[in-house]
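Asker: Sequence:
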Amino acid sequence: MADKTANEPSDIDKALLTAALNGRFEVVRYLVGQGAKIETRDNNDETPLHGASRNGHLEVVEYLIGKGAQIDKPNKVDMTALLFASDAGHRDVVEFLVGQGAQVEKCAKNDMTPLHAASQMGHLDVVQYLVGQGAKVERGGNQGSKPLHVASQKGHFNVVEYLVGQGAKVNEGDNTAYTPLHVASQMGHLDVVEYLVGQGAQYLVGQGAKIETRDNNDETPLHGASRNGHFDVVKYLIGQGAQTDYPTKVGLTALHFASDAGHRDVVEFLVGQGAKVEKCAKKDVTPLHAASQKGHLDVVEYLVCQGAQIERSGNQGSKPLHVASEKGHLDVVQYLVGQGAQVEDGDNNGLTPLYVASKKGHLVVVKFLIGKGARVEGGNNAGETPLFTASRNGHLDVVEYLVGQGAQVKRGNNVGETPLQVASRNGHLDVVQYLVGQGAHVKRENNAGETPLLVASSNGHLDVVQYLMSEQAEREEASPEESASISETSTAMASMSLNAVTDNVAYHEDAEKVTNEHIKNLSKLLGINHFDPICEAFSFDHKSSLNLLDFNDSDYNTTYEQLLSGWKSGKKMKDLDELLKETGIRLTSSYKINTQK
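Heads up: the sequence shown begins at -16 in our numbering, then just goes up one per residue.
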């Protein structure tokens, strides 16, 4: 049986916690009499008093206080017995605790007071009692929110009304300048919205300042109501003078928010009230862009019918068809193309709808666009076709379809890279295998002189490295000159790959962190390239074997030396023999395992 930790409650203390939580007064009294600790704590630092207060067990609360329980003792998040009782609406417990000296302004870690807790949960009687005991209605809590904020957010009209009557300021913002009207509008509490607006008229000279109150992002109550689709609140706010096209700091209007969220009823109402369907945000995003990106076909159809331009360019020159294609919304794509959207138009970077659909792997959209005339060989400003981006991102199904439609696997981009190179760089073995099977050159170099093998190796994709090397060996019967070239390439590849295949463990001072798996991976890499320096390192002095690799970079020499010496320190030659058998490394005929240490 495991030993109990010093802080873990004993069995009798656990029993007390459970009995208090469930209001078993007689059991509580008996356990205390038998030595159970009044201040015992559970894993959340909650005491028997916390549990009894949360669940409204007044008799147990009275008993525990009488036995010396600390009334304001907090749990891990600084919740006290009074906070628990206030949150749960147990007025009798609240009154008793306050009468025994509990602090009405004691905060939890999120700066929530008992008044915040009671207001948020709509416990009017507790709210009234706490205010009567001196709780401050303007006390800021989490992020500066006040009791009126949390009551407005939850739609507790009677609490809102009472707090305003006690002096709560209806136009006071939190740390982000969000007012009670903002939160009530956002949550759709029309009765609270109407009341707050009505109260605001009594305190403010200008009605507009109240309705158009802005937070730190310049968002108004109308923005929040539109985003969340609260039609009745939207209608009321506009009826009170809210401006339909009032922009946020980034130029978004209520129509943008409603379109983005797909609230067609709100969209129709806003347009009917004069909202501009072509109003752009700072990134040139229109409501049609927003609806197209989120796939709200009904909103897209309505906006187009109201005059929204389907060829309007947005951020970086992207059009509604671009954003719908990128997100894979086939129905929206079909509608926009049916309305005349051009499938071949590129954005500022030359990216076509087909390109962005291929990038994200949306095969159904890819098929539709090609069926409507999109060119599979259409290149962007970097000279890349859709096949490049599909290969780079590992979308094998899209790659196969594009090649089947005529995409050229040997085509190079502006820096001489092919689809095979970008797939190799990102380690997409299935795509690499398919492209090679379709005739892609495994030894073609880009403008920097890098082959697919080199880019795969430099990024540590061992499976791709192994496959490409095996393909090279199978495809050519090399002349001596070619063999020398292969050896040079392989040496450079091994040099670039050492860190990747060993997960940088060779640089750890602790040699024990170098494992069989790291050596196995390195053995595979070097073995495939017809090197046997690991064997030489264990037959002779491991430093002399570095000459076999002829690395120019002394850092790699050090890396290799550390790796071998670290592993060798705890192993014998027979261990290496077994490990090499697992890797399938190809050895020179002159090498023989020496089983003597």
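Some hints could be false.
[As the list claims (entries may be wrong)] Pairwise CB distance ranges, derived in the manner of DEER restraints:
no. : residue 1 : residue 2 : range
1   : 82        : 281       : 57 to 65 Å
2   : 399       : 290       : 44 to 52 Å
3   : 199       : 298       : 48 to 56 Å
4   : 413       : 234       : 16 to 24 Å
5   : 255       : 148       : 49 to 57 Å
6   : 290       : 427       : 19 to 27 Å
7   : -7        : 88        : 51 to 59 Å
Since the hints were derived computationally from the structure, they do not count as laboratory data. Keep in mind it's a predicted model, so treat the numbers as computed, not measured. Where is the CB? At the ideal position from N, CA and C, for every residue including glycine.
Asker: Hint by hint, say whether it matches the structure.
Answerer: Status of the hints after comparison with the structure:
1. A beta carbon spacing of about 59 Å between residue 82 and residue 281 agrees with the range 57 to 65 Å that was offered as a hint.
2. For the pair residue 399 and residue 290, the beta carbons lie near 47 Å from each other, so the given range of 44 to 52 Å is met.
3. The beta-carbon spacing between residue 199 and residue 298, approximately 23 Å, falls outside the hinted interval of 48 to 56 Å.
4. Against the hinted window of 16 to 24 Å, the Cβ-Cβ separation of residue 413 and residue 234 comes to about 43 Å, which falls outside the hint.
5. Between residue 255 and residue 148 the C-beta distance comes to about 37 Å, which lies outside the given range of 49 to 57 Å.
6. Taking 19 to 27 Å as the suggested C-beta distance range, the pair residue 290 and residue 427 does not conform, at roughly 51 Å.
7. Hint check: residue -7 to residue 88, Cβ distance near 35 Å, so the stated range 51 to 59 Å is violated.
Violated hints, listed in ascending order, are 3, 4, 5, 6 and 7; each of the other numbered hints is respected by the structure.
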